[in-house]
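Go ahead and model the full structure; you've got the sequences and the hints to work with.
Next come the chains, spelled out residue by residue.
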Amino acid sequence: MGRGVEDVVDIVELTVTALAERVRGRQLSAVEVTQAYLARIAELEPTLHAFITVDAEGALAAARTIDLRLARGEDVGPLAGVPIALKDIFVTQGLRTTCGSRILADWVPPYEGTPSARLRAAGAVVLGKANMDEFAMGSSNENSAFGVCRNPWDVDRVPGGSSGGSAAAVAGRLCLGALGTDTGGSIRQPAALCGVVGIKPTYGRVSRYGVIAFASSLDQVGPIARTTEDAAALLEVIAGHDPLDATSLPQPVGRYREACRRGVRGLRIGVPAEYFAAGLDPEIETAVRAAIDQLAAQGAEVVDISLPHTKYAIATYYLLCTAEASSNLARYDGVRFGLRAARPRDLRDLYSRTRHDGFGPEVRRRIILGTFALSAGYYDAYYAKGQRVRTLIRQDFSRAFERCDAIVVPTSPITAFKLGERLDDPLQMYLADIYTISCNLAGLPGLSLPCGFSRQGLPIGLQVLGPPLGEEQVFAVAGSYEQAHDWHRRAPEVRR
Amino acid sequence: MKITPEQVQKVGELARLQLSVDETAALAEQLSRLVAHFEQLDELDTAAVEPTSHVLPLGCPERPDTTVPSLARELVLSRAPLHEDGYFVVPKIID
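For the record, the sequence lines run as chains D and E.
Just so you know, this note's numbering puts 186 at position 186 of the first sequence, and the rest follows in order with no gaps.
Just so you know, this note's numbering puts 51 at position 51 of the second sequence, and the rest follows in order with no gaps.
Derived from the structure by calculation, the hints contain no laboratory data.
Treat each hint with caution, since some may be false.
Said to hold, decoys possible - Lysine to aspartate or glutamate pairs mimicking DMTMM-like chemistry, simulated, CA-CA at most 25 Å apart:
1) Lys-92/E x Glu-74/E
2) Lys-311/D x Glu-50/E
3) Lys-311/D x Asp-42/E
4) Lys-92/E x Glu-13/E
5) Lys-311/D x Glu-29/E
6) Lys-10/E x Glu-362/D
7) Lys-2/E x Asp-45/E
8) Lys-92/E x Asp-346/D
9) Lys-10/E x Asp-380/D
10) Lys-311/D x Glu-362/D
11) Lys-10/E x Asp-425/D
12) Lys-10/E x Asp-346/D
13) Lys-311/D x Glu-74/E
14) Lys-10/E x Asp-349/D
15) Lys-92/E x Asp-349/D
16) Lys-311/D x Glu-43/E
17) Lys-2/E x Asp-425/D
18) Lys-2/E x Asp-380/D
19) Lys-2/E x Glu-362/D
20) Lys-10/E x Asp-357/D
21) Lys-311/D x Asp-45/E
22) Lys-418/D x Glu-112/D
23) Lys-92/E x Asp-357/D
24) Lys-10/E x Asp-333/D
25) Lys-92/E x Asp-333/D
26) Lys-2/E x Asp-424/D
Right under this line is the structure:
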């Protein structure tokens, strides 16, 4: 299978579909692709630290199997040879899974979760486990117990979080696609800060079997990729019902790739005034408004809408997610797996010292806050109140979607900030999640894609929200915008 | 509402999470600020609003009651910090 000069391409610049086609057609071997990406990792990982674990051996073995099967004429699936990074929250059989925490620093899972199993079954090659904020708690990746990850566009800045390693790896061409999880923006915000595409699907769209839980009523799995169509291709593989996850939705999976080319003619795009308020970087506002004008020029009808409870979303989200986290993280007790404190006096001492030694400061803060919100005497005033306001936020969206098919807003009010700049003030850090968390509270699909760069050369993210199971119209809007621009084709020059 | 270091200490005990004296003081200050922010929810009259615990209209999905293979006991125990004779080992809890 000799390659003509015209076919010699830069492997790491191929899209998911183009690469899988070449691997399936045997113009390019899965081993060659894996080696090309491992070379990128060898070159840039020491600077970016996008991974917690790189599994070069496992990746090459998987690639060899794919090539062998193709040589035998077997169908290896739509993602043949596509190199993937998994956020280290995905449970991988035989491959260390830390969730960014000391408490799981040496945990080698005895089973494989559904999202990664589906990717592998479709021919994808797992390169390793991506860096993340501990237990997915954070917006900067600075809460990783394994060291910070850096933004490929400016290595003195954060990649965002909590799926910061996944987004940085995709942007830096250390992998072609990645999986992240999004509880309050953890896929979309790092995608925005790193200039790539990330989608949090409808709550329940992707199975969470083998995905370490943070806040179970909000957590959802989704892909990060360089183009909307690449993200669509990955989502088509991982989405769908799973009998192993009782919260996974039975509805058939949409035609997301096709939707990317559908255009926006006849679609109504809602623009809520509440998302263009004080605190929004003027450069981001300009870029997002220009994107909305672009969509109007492409045939969409722009309508003004209102989401009046937006300003209550931060308080609601942080009450509910910390409460759920305090309950979910009770399982880390030093008994069945993970870290265990040495020489405990008694069982209670074993629990409290294991958890003190194993959890970092942000996780400890959230466990304390969540336990407080659930404790006797405060439950009604805080946790139950949060659940009621959540209903009001959901109703805002139900009403808005009577008047529009998708909502277009900024993903983050700020571009990537400097490492260490916001660490001392948890409330400031939480407030920057304002544009992403309502989507989780309401269970909606939300996608972030690049819509320009700041004067400093930092990526700006555009967010498209849809009604429940409205992924197709989200992809239609994102794909339509993307085909008129080349933001997604720009690659960062990583300064080493 | 002002949260005191004593309250933080008590919550830490409920959460089985040991906290140092310095950390308790810092958390009391941070939590006071966060809770003050959360109290903006009091502006909303939610007396007639149903709480949302889950966004899905799911009931309790059922599956056929058939036995399927599960993880081998040895495999699972091999991940435990301490195990013996097929059991997880913990400090003595009854004298």
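Given pair status - Glu-362/D, Lys-2/E, alpha carbons within 25 Å: Holds. Lys-2/E to Glu-362/D sits at ~20 Å (cutoff 25 Å).
Restraint check for Lys-311/D with Glu-74/E, where alpha carbons must lie at most 25 Å apart: Not OK: Lys-311/D and Glu-74/E at ~51 Å, beyond 25 Å, violated.
Restraint status (C-alpha distance of Lys-2/E to Asp-425/D at most 25 Å): holds (18 Å)
Proposed proximity, Glu-362/D with Lys-10/E (alpha carbon, max 25 Å): Distance ~19 Å between Lys-10/E and Glu-362/D Cα, so the pair holds.
25 Å limit on alpha-carbon distance, applied to hinted pair Lys-311/D and Glu-50/E: Cα-Cα ~20 Å, so holds.
Hint consistency between Lys-2/E and Asp-424/D [alpha-carbon to alpha-carbon, up to 25 Å]: Answer holds: Lys-2/E to Asp-424/D is near 20 Å, not above 25 Å.
Hinted pair Lys-311/D and Glu-29/E, Cα distance within 25 Å: holds (23 Å)
Hint consistency between Lys-2/E and Asp-380/D [alpha-carbon to alpha-carbon, up to 25 Å]: Satisfied, since the Cα-Cα distance of roughly 18 Å is no more than 25 Å.
Satisfaction of hint between Glu-362/D and Lys-311/D, Cα-Cα up to 25 Å: holds (23 Å)
Pair hint outcome, Lys-2/E versus Asp-45/E [Cα-Cα no greater than 25 Å]: Given pair Lys-2/E, Asp-45/E holds - Cα atoms ~23 Å apart, limit 25 Å.
25 Å limit on alpha-carbon distance, applied to hinted pair Lys-10/E and Asp-357/D: This hinted pair holds, its Cα atoms lying about 19 Å apart.
Given pair status - Asp-346/D, Lys-92/E, alpha carbons within 25 Å: holds (7 Å)
The structure shown violates the earlier hints numbered 13 and 22.
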